[in-house]
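Order-wise, the sequence lines are chains G and R.
So in this note's numbering, spot 108 of the first sequence is number 108, and the numbers just go up one at a time.
So in this note's numbering, spot 5 of the second sequence is number 5, and the numbers just go up one at a time.
Simulated from the structure, these hints should not be mistaken for laboratory data.
Treat the hints loosely; a few may be bogus.
To be verified - Below 27 Å or equal to it, Euclidean Cα-Cα: the simulated BS3-like pairs (lysine-lysine) are:
id, chain 1, residue 1, chain 2, residue 2
1, R, K63, R, K325
2, R, K63, G, K62
3, R, K42, R, K134
4, R, K230, G, K62
5, G, K62, R, K233
6, R, K229, G, K62
7, R, K62, G, K62
8, R, K141, R, K42
9, R, K190, R, K134
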Amino acid sequence: MGFFHQHRGLTPYLLLAPGLLWLGVFFLVPLGFLAYQSLQSGSIDFGYAFTWSWGNYWNAIKNYHGHFVRSFEYAGIATVVALVVSYPVAYWIAFRGGRWKNLLLLGIVAPFFVTYLIRTLAWETILADHGFVVNTLRDLHLVSANGRILATSTAVIAGITYNFLPFMALPLYVSIEQIDVRLIEAAEDLYASKLHAFLRVTLPLSLPGIVAGTLLTFIPAAGDFINAQLLGSTQNHMIGNVIQSKFLELTDYPAAASMSFVLMAAIVASVLLYARAVGTEQLTG
Amino acid sequence: MKDELTRQELLRRAALGAGLLSMPGLVAACGSSGGGSAGGKKVLAKTLHFSNWTLYMDTNKKKHTFPSLDEFQRRTGVHVDYVEDVNDNASFFGKIQGQLRRGRSIGRDIIVMTDNSRYPSLLVKKRWVEKLDKSAIPNFKNLEPVQQHPAWDPNRDYSLPWQSGITGIAFNDKLTNPVLSIDDLLGNPKLKGKITLLNEMGDCLSLVMLSNGDDPAHVTDATFDRAMKKIKKAVDSGQVRQFTGNDYAPPLARGDLTAAMSWSGDIAQLGNASIHWNLPTDGGDTWTDNMLIPTGGDVYTASVYMNYVYDPTVQGQMEAGNPKKNITGIYYIPPVVGAREAALKVNPAVANNPLIFPTKHMLDNIHLFDPSALNNEKYLTAWQNLISA
């Protein structure tokens with residue numbers, strides 16, 4: 001113990017050590033290897049060699065920019081839809097849930113007790129061309145007589161939204177739940193309408209939740225490939241599908257690695273832009 | 001060699017008089033000291049690690065057991081650790097190649113990969129597979145003559161066929177008139193958005209090339225481009241819903257798909273009365289799944305198992321199953337001479353099913369895909385870009 005008393009300054013580092021070690025071994029080292037691989041050239045038949053082939057990056061952008069754009073579009077739409085759907089739910093649970101709060105929160109998390117793959121596959125059955133849902137939509141003329149939902153962009157975006165919804169709803173709940181109700185009452189006492197009180201008080205105070213939720217939803221959604229593979233058609237493939245097939249099917253590791261880096265860079269750039277727009281302090285709440 | 005034959009004789013007798021003779025005792029009597037077969041030791045391992053595709057083994061559906069594997073254990077004392085973890089060639093290869101490249105064992109004694117992907121030939125070329133112990137496989141003589149000399153393993157030194165299949169067209173007769181040609185599949189407006197093609201390049205291109213009047217066994221840039229153009233047109237028009245592996249089966253059964261490019265045995269296994277499989281009018285393609293022993297696998301034990309499945313009686317039973325005992329068979333095309341006769345005894349319906357034991361007309365109209373095209377990086381990349389749009 002004497003050692004720790006003498007070297008008090010070390011304590012924070014010691015506390016951080018396990019986490020940093022973990023990050024170093026399982027994130028930075030593989031990332032470094034990926035960077036190294038992304039500049040290689042060659043093939044599985046003849047082996048790979050490190051050749052500073054920056055062309056991999058150029059090819060990734062030149063050949064697959066459509067997939068990058070599509071990924072960000074799908075992830076963006078899914079994030080907005082998830083926010084619009086989750087906010088009222090989180091709001092209601094936080095302020096009106098009462099003694100049912102925990103049960104309702106459990107309800108949001110419940111789908112997560114089923115594996116990702118099975119959850120997504122279930123939508124194949126729900127949205128089947130001759131299933132109840134699509135037949136009903138056809139009767140309501142929301143889907144044309146020959147139309148379908150499965151294997152369209154709608155199904156892919158809906159699948160992503162569904163699968164990442166809890167990542168949006170839970171942070172929203174946490175930040176809304178912390179809001180002091182008296183502040184809203186005070187706003188109303190000061191003649192703010194319900195709408196004004198919401199826009200001026202509740203919404204800004206829940207912004208940390210919105211920021212956390214959108215990031216937690218958008219980042220993994222942009223790299224997702226399961227939803228596009230199971231619920232989409234060939235025209236709906238995202239960049240994740242291309243990376244997956246380059247890595248495992250074509251065993252073109254340099255191309256896959258460089259695409260992963262382009263995706264990472266694009267996500268970091270959009271997160272930075274977003275952070276600048278809403279203000280960095282919101283990122284940390 | 002002589003010693004080996006004696007051993008085989010012993011095994012056979014053990015099978016006959018299994019009630020009298022306990023096999024584990026026999027193995028012990030043979031002086032088993034455990035361990036692998038490194039250095040050509042003729043010692044059976046306790047466990048055979050076998051990676052195969054799903055729905056590819058005779059299965060007792062009630063008890064959830066694999067009767068032929070149980071029988072193998074009864075005869076030899078070797079327990080088969082049977083894992084259905086090959087989902088498609090590309091991703092399985094992706095999983096194992098890292099260890100093989102470093103010369104490490106992947107913990108498997110037998111794996112099964114398809115010859116119309118580039119992987120079996122790649123594995124042989126890289127010597128990431130072990131040579132078979134043919135002295136332990138006297139039943140090698142039962143290998144179908146057409147299967148004996150594939151270009152990628154001319155003397156079958158490294159591989160033995162597991163099963164073969166044919167690629168053709170399946171359709172649901174409740175939803176469409178018969179779909180018998182690729183031109184109909186890709187061009188009939190009534191099928192728009194209701195069909196799938198296979199994501200295996202060899203399968204898909206073979207059928208489309210045949211419909212173009214081109215020879216899939218000799219792919220040239222011109223025939224490749226012509227086929228790709230035809231497929232791309234169907235994709236862009238929305239005719240093609242998806243490119244699939246084995247996963248076309250559920251939507252086809254559900255009615256989401258009206259027709260699909262598909263594999264013969266799957267449709268036999270599906271057992272749905274309204275779904276029919278046909279060889280396309282312009283011809284189909286055939287492929288063979290091959291047993292291979294990956295680096296570090298137990299050569300002797302794997303070879304003994306291969307010998308076992310090349311026994312026509314065993315193969316016939318594996319193929320046909322046994323409806324009386326609730327056993328479903330493999331229902332693909334067996335590579336073993338004499339399997340049909342054996343199957344006829346247990347399940348005549350299977351023995352007479354042309355999808356499982358193809359007719360001469362069928363065999364005359366199936367083609368092999370050009371193996372050199374399978375290794376052409378330019379083609380592979382173009383194909384991957386097409387199927388992932």
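Hints, one by one, checked against the model:
1. R:K63 / R:K325: Given that 27 Å is the threshold and the Cα spacing comes to 10 Å, the pair holds.
2. R:K63 / G:K62: Violated. K63 of chain R to K62 of chain G sits at ~55 Å, over the 27 Å cutoff.
3. R:K42 / R:K134: 12 Å, holds
4. R:K230 / G:K62: The hint holds at about 25 Å.
5. G:K62 / R:K233: Holds - the C-alpha atoms of K233 of chain R and K62 of chain G are around 22 Å apart, at most 27 Å.
6. R:K229 / G:K62: OK: K229 of chain R and K62 of chain G at ~21 Å, within 27 Å.
7. R:K62 / G:K62: 54 Å, violated
8. R:K141 / R:K42: Distance of about 21 Å is within 27 Å: holds.
9. R:K190 / R:K134: Violated - the C-alpha atoms of K134 of chain R and K190 of chain R are around 54 Å apart, more than 27 Å.
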